[in-house]
Amino acid sequence: MAKIVEVMGVGHNPFLPRLFQNAEQYPGIPTLKERYGEFRQKLREAQPDVLFCISHDHLNELFMDNMPAFLLSKAPIAEGPFSHQEKQFGVPHYRTHVDVEVAKRILEGGLQRGIDFSYSDEFHIDHAYAVPLSFLRPEMDLPIIPLSVNCMAPPVPTAARCYQVGQILKTVLEEDVPADCRVAVVASGHLGIELGGPKVMNGPLDAEWELHVTDLIRQGEVETLIRESTPERFMSIGNYTFGFVDYLVAMGLAGGRPAVHAEPVFSCFQTQAFISWGPNEEAVK
Amino acid sequence: MSRYGVDKVCWHIAIDPSLGDKFLEDPKAFVEGYDLSAEERQALIQMDFVALYKMGANPFLLSQWAGQVLPERKNPDFRDWYAASLAPYGRPDFAT
Chain A
1 MAKIVEVMGV GHNPFLPRLF QNAEQYPGIP TLKERYGEFR QKLREAQPDV
51 LFCISHDHLN ELFMDNMPAF LLSKAPIAEG PFSHQEKQFG VPHYRTHVDV
101 EVAKRILEGG LQRGIDFSYS DEFHIDHAYA VPLSFLRPEM DLPIIPLSVN
151 CMAPPVPTAA RCYQVGQILK TVLEEDVPAD CRVAVVASGH LGIELGGPKV
201 MNGPLDAEWE LHVTDLIRQG EVETLIREST PERFMSIGNY TFGFVDYLVA
251 MGLAGGRPAV HAEPVFSCFQ TQAFISWGPN EEAVK
Chain B
1001 MSRYGVDKVC WHIAIDPSLG DKFLEDPKAF VEGYDLSAEE RQALIQMDFV
1051 ALYKMGANPF LLSQWAGQVL PERKNPDFRD WYAASLAPYG RPDFAT
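If you're matching them up, the sequences are chains A and B in order.
Numbering of the first sequence is given in my numbering, commencing with residue 1 and proceeding in unit increments.
Numbering of the second sequence is given in my numbering, commencing with residue 1001 and proceeding in unit increments.
Excised from the complex, chain A in its bound form:
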């Protein structure tokens, strides 16, 4: 049985690596820098062997010619972001190995237990993976396993299904993956976000909603979160806010228990979540 030694959720604003160089000049950005530092420490203290990275490709690698709801990568190398993103945002390059053996176990275990994964032997990671990894594990010394949830091309998977997939993944990791493997889950989704729409993100899109959902995560209120996470509600906040569902996969992996830490960090850009569920019970025994 693998041990889930930490489950965390963060954002992936691609402007942050550049903004962090002069953080003091922008409201809220120093707090973001500080939190990423604290979460980096938290991840280090969990002593993971492998990082299970849940996020979503931003129509870089995947397109609507063949759009998977849940795609697991077992490509031997995880590298990114794409050169146009490095130029546009100044996102640092990230390159590490994928733990192909564990990825195959997750794929097979998932298929047996009810997740019809798509998979890729040639998946490149975009900024949604490279940005959080560059802050949380800049050493690039741990293998990762990327999972991409479709959060860019609606219709996207429902909140209920995302939570359920997380629950199944928890069982798969704890029962199908070999012993002594310490897995940390790093999910990177969205709170309120608008891309290419009528609202400019020069601050929180809906601070009240962002405080509300992080409260529910801290209380472990799974049913309420699922009930309220409708496409209409997400769209009323911002046009890609359905990227919140990445956190519901993570919540399933944490067994739906209350988070130790769940906070929206407001700034002069879109709000970034910082969530930590800590280790799963089985990992503490």
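In case anyone wonders, no lab produced these hints; they're calculated from the structure.
Check before you lean on any hint, since a few could be wrong.
What the hints assert, rightly or not - With a straight-line cut-off of 25 Å between C-alpha atoms, the simulated BS3-like cross-links for lysine-lysine are:
id, chain 1, residue 1, chain 2, residue 2
1, A, Lys42, A, Lys199
2, B, Lys1074, A, Lys199
3, A, Lys87, B, Lys1022
4, A, Lys170, A, Lys104
5, A, Lys199, B, Lys1054
6, A, Lys33, A, Lys74
7, A, Lys170, A, Lys74
8, B, Lys1008, A, Lys87
9, B, Lys1022, B, Lys1008
10, A, Lys87, A, Lys33
11, B, Lys1028, B, Lys1074
12, B, Lys1008, B, Lys1054
13, B, Lys1054, B, Lys1028
14, A, Lys87, B, Lys1074
15, B, Lys1074, B, Lys1022
Dock chain B against chain A, hints included.
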């Protein structure tokens, strides 16, 4: 109306910025091989991003295309101007 064809034009330019220049050289020739309605083709050639937005183009892809081809893209207030231009039209469904 296909939506998908518009998204595909925007996607190609988004993931390969050199294609933005190629589009600008001759928009009509660029969109030649894509499966588009007459209305979509015309809006792309005229760089009428508001019309494309209203038709339900994927807003993320559309804004990436716009950021590479619109004459206004180099203005310091481009982002605000772009968003304000879309404001009267809310958030159209952009599922393909």
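Structure-based check of each hint:
Proposed proximity of lysine 42(A) and lysine 199(A) is contradicted: the alpha carbons are some 34 Å apart, above 25 Å. Distance restraint check for lysine 1074(B) and lysine 199(A): the Cα-Cα separation of roughly 20 Å lies within the 25 Å cut-off, and the hinted pair is therefore satisfied. At most 25 Å may separate the alpha-carbon atoms for a hinted pair to count; lysine 87(A) and lysine 1022(B) meet this at roughly 19 Å. Restraint check: the Cα-Cα separation between lysine 170(A) and lysine 104(A) comes to about 15 Å, which is no more than 25 Å; the hinted pair holds.
With a CA separation close to 15 Å, the supplied pair lysine 199(A) and lysine 1054(B) stays within the 25 Å bound. Between the alpha carbons of lysine 33(A) and lysine 74(A) the distance comes to roughly 31 Å, so the proposed pair goes past 25 Å and is violated. The suggested pairing of lysine 170(A) with lysine 74(A) holds, with an alpha-carbon distance near 18 Å, which does not exceed 25 Å. Proposed proximity of lysine 1008(B) and lysine 87(A) is supported: the alpha carbons are some 22 Å apart, at most 25 Å.
With a CA separation close to 15 Å, the supplied pair lysine 1022(B) and lysine 1008(B) stays within the 25 Å bound. Proximity of lysine 87(A) to lysine 33(A) is assessed by CA-CA distance (about 22 Å); at most 25 Å being required, the pair is judged to hold. For the proposed pair lysine 1028(B) and lysine 1074(B), the alpha carbon gap of about 23 Å is at most 25 Å, so the pair holds. With a CA separation close to 17 Å, the supplied pair lysine 1008(B) and lysine 1054(B) stays within the 25 Å bound.
Between lysine 1054(B) and lysine 1028(B) the CA atoms are separated by roughly 21 Å; this keeps the pair inside 25 Å, and the hint holds. Between the alpha carbons of lysine 87(A) and lysine 1074(B) the distance comes to roughly 16 Å, so the proposed pair stays at or under 25 Å and holds. Between the alpha carbons of lysine 1074(B) and lysine 1022(B) the distance comes to roughly 18 Å, so the proposed pair stays at or under 25 Å and holds.
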